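Participant: Sequence:
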Amino acid sequence: MELGSQTSTNILIVDRITDNIQITQLSGLHSTRAALDTLLKNSDYQYKQVGQQSIAIIRNKTPAQARAPLELNRSSTIETIEVLGHWMTGSHIRKTQNNAIAPIDIITAEQLARSGTQSLAELLKFTPSVSGNSTSTAVSNGGDGTTKVALRGLPANNTLVLVNGHRAVFDGLAGDSVDLNTMAPIAIQSLDIYKDGASAIYGSDAIAGVINIHMLERYNGVKLEHYNGITSKGDTHTKSTNGLIGKTSDTHSALLALSYYRQDGLFSRDRVLSASADGRAQGGQDKRTSASPYTSLTLPDGQNLILNTAPPADSITPNTHPARNSVNDYRPTTTEDLFNFREQTSTISPSSRLSLYGNAQHSLNDHLTVQSFALFSQTKAAITLAPTPIYTAFLPEPITVSQSNIYNPFNLDITDLRRRLIELEPRTQINKANSLYTNIGFQYHVGQQTIKTHFFWNTTQAQEHRNNLIDAHRLRQALGPSSQCLGQNIDGCTPINLFTSPQTIPQEQLAFIKTAESAKGESHIYGFNAQLNKRLDWQAKSIDYAIGMNARKERSEFSPNHNNSPSTIGSVVKAPVKSTRSILEMFSELYIPLRDKLPKNTLFDIELAARYTYSRTTTNNLSPKIGLRFSLTPSVLMRATYSRGFRTPSIRELYTEGTLEYSALNDPCALTQNINTYSGCITQSDSSLNQFLVQYSGSTDLKPEVSSNYVLGLHATPLAVPNLSFSIDAYTINVVNVIHSSPQTIVDENARIGAFKDFVRRDSNGNITLINAPLINIGDRQVTGADIHLHYRPTRNTTQYTLNASYLHSYRNHRNNHSINNELAGTFRDIAGSGDGALPRWKINAGFHFPFKNFIANYAINYIGAMSEHYRNTQGNTDTRRISSWVTFDAQLRYATSTHPFSISLGIENLLDRQPPFIASAFNDNYDARTYDLKGRYLYFTVGAEF
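Throughout, the working numbering is defined as the position within the sequence shown, counted from one, plus 62.
Some clues are possibly wrong.
As the list claims (entries may be wrong) - Ranges of calculated distance between the beta carbons of each label pair, as one might list FRET restraints:
id : residue 1 : residue 2 : range
1  : 916       : 941       : 42 to 48 Å
2  : 553       : 299       : 48 to 54 Å
3  : 780       : 313       : 29 to 35 Å
4  : 864       : 975       : 32 to 38 Å
5  : 1005      : 568       : 38 to 44 Å
6  : 825       : 370       : 49 to 55 Å
7  : 975       : 621       : 23 to 29 Å
8  : 737       : 550       : 43 to 49 Å
9  : 684       : 745       : 50 to 56 Å
10 : 745       : 462       : 34 to 40 Å
11 : 966       : 665       : 41 to 47 Å
Hints were generated in silico from the structure; no laboratory data involved. Small disclaimer: the values here were computed from a predicted structure and weren't measured. Even for Gly, the Cβ is constructed at its ideal location relative to N, Cα and C.
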């Protein structure tokens, strides 16, 4: 085991060692093979390399058998001695999972294959510790084609993502979290989820924990794999083709992996749950919009009128009806004059991914090794939104339809006109990104000392294109006085008739106001790190320590084109951002086993760590950590940690001048009972409005978020039940200086007590026209809960049973002195309304793994607990409803030949075709795409071969 510790090699014992064997003592410098030759020289055992970084040891029963080549049947039972001394997530000192003081989940490449997933987003969505506001290609309105992960329900920027132990680069649109779509599963060796604060180990962002993606470092041979999947309804077709080739020897290794992934999209109309924005039939609220294909308007005297709806909009063809210019064509509006935009929106975006990964290592001598890897990925996602709506009174710069406009039949100035321009076809948003990770490192090992240094350069470049938008400047001209818009051939202006029937606006009028926009961004991180690891023997103890430094430069840039301004209707308006910052960090770590005076088979370990972060542009920080691990009995282990974490404000949070977007909010002044009851509600606002213009802005005065993390855990391996392991870890995370912008809180408190008067703008009708919601250090947050893990493998049986569960006991946000400290555990608050997402109290994943002959059966159960939500009921009052729990079942059968390296897997996800629970307050598609899966029953197969 010590050899495995020093060489990071898996030692596989094919025949159980039951006798005491005398091995030759080993000292000095040896290669792995030379060391094994010496150690096994006088024994009845031999060894053979059987995989990447894996060596099998088997008994020599006869001299002939000893000389025969070793062949392992793929269905044979192989007993594994876990390797001591891997470089593990959460420490700069070699450890194993059993030695980890803080809780860590390790998802191996085999487990990835069992899940049947071809993207990390799908895998992590059902991981118990993942909850809250992550994103994926299933998020359409408000999405950008990226996949983010959020641990403990905290924001995604509170989870640090590493690739091969090194900090990953943020997404290219001036983001502050990492897009996981860049990683191809075939090139992943394992995925570590470190469930504790780790700023003392890795620096900024590791408040909730760490996701460390270990890419393959060694492979010997060729591997080909193809995946094909489709729903039982015949849509969302997914294909993935992967290839891997590698060569390994005593002194060097090299590998190359190529992967292509493509998934078809799914429209909201394709599922009953998401087909309609009117959720009243399911016990929810009507979220259809007042901007319909039929023009509606408010006259100066307060009359609300709409163009008389003769045939339904979907039966009208171009030029079916002549232009309607008479006031007699209008009637009073009703509560049913709303538009179901879900008919044309996507709920799962069609996406593709091309990934290329390479890794090479070479031992220059017995002491020095050079390592390098590169990862390139190209991603694309397409989002479809309903045609652009026009709300003239609620634009950043409101538009008035002139009384002298040639098409205005009322001869009155109209400030509030609403119309959905279905003539322009649905809006499309295309997101593309290219990412490149490069890393070269040197490792020098002599005796019990190791020196490592790495140089890295990571970059992501992203583009976003949006089509079928409206130029507000030209629309203002086209709706203005006729004397100022005489025609394209006269003064370059074409008047537009918004008072006509759907699909009857001439193309030359549409061409004048139609526009598109694009934006591009870049994120870079480059620098180097170095560390020294050493083991000291002191008073019969082996003390490990590590010291090191990290110097890096981060650069982020976002550049909208000239059309991305308040003059664009139907899009989010973002301000340019560009900045660079340099960061220097020094760290140290100490691991001390205190066993000398304890009974046999017991232990008491202590771990100390600290990191100091220096930057000219942000506040400097010192993050300490202490961990303890001690035995209560030989089979019961306790562990406890305390750490301080921090997150430096991102470049976007510090320097963005302002982003304008429409957020889904509730205005308390839309409720009759609040008028003159709430001091801020003098006039009742329009209850049909459910999206409001919000201006977000950053600030260079932001302070870092700072956390205090506590973990207390118990790990047990009962002697009465061999091969059973059980652990439970309770955690508490206290975060202060939370960086947040909460427009819903601003609106609520403005209505209730008249607070934030300078932040909420209303018109003469009481309707909100603009909310200013700057990013500030808004308050504090406290999260408490527990993780439970169980693993059981019956004696002399290869069947394995596992259970992972996360229990969220409490989740509290204290925004400011005005807000109420509500309990959010077990609730849903949509991010579109500045909420924290789905926070179920229980999230469980369980299953079993059963090999028999050349087959392997896998079965998994995914459970998401019930939650509650606040929503506006059919009477217009705020009400509370229960969101039911959700259980899905996945099954897979895998066949692998024992004589030829061929395998085939057949699988079914969501075996019973259960749809997610209805959520009345969900902005997108009546469910939470960040937590649930809308596809339904999904069938797939995978074929592969290794040579």
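Participant: The structure should be examined with respect to each hint, and the outcome stated for every one.
Facilitator: Structure-based check of all given hints:
At about 56 Å, the beta-carbon gap between residue 916 and residue 941 misses the expected band of 42 to 48 Å. Here the CB-CB span from residue 553 to residue 299 is close to 51 Å, well matched to the stated 48 to 54 Å. In this structure the hint that residue 780 and residue 313 lie 29 to 35 Å apart at CB is violated, the actual value being about 45 Å. Take residue 864 and residue 975: their Cβ atoms lie about 25 Å apart, and the range 32 to 38 Å is violated.
A beta carbon spacing of about 55 Å between residue 1005 and residue 568 contradicts the range 38 to 44 Å that was offered as a hint. Residue 825 and residue 370 have their C-beta atoms about 27 Å apart, which leaves the hinted 49 to 55 Å range violated. Our hint of 23 to 29 Å for residue 975 and residue 621 is violated, since their Cβ atoms are close to 45 Å apart. Against the hinted window of 43 to 49 Å, the Cβ-Cβ separation of residue 737 and residue 550 comes to about 48 Å, which satisfies the hint.
Residue 684 and residue 745 have their C-beta atoms about 53 Å apart, which keeps the hinted 50 to 56 Å range intact. Distance hint check for residue 745 and residue 462: the Cβ-Cβ separation is about 21 Å, which falls outside the suggested range of 34 to 40 Å. The hint said 41 to 47 Å for the Cβ distance between residue 966 and residue 665, and at roughly 45 Å that hint holds.
Comparing the model with each numbered hint stated earlier shows that hints 1, 3, 4, 5, 6, 7 and 10 do not hold.
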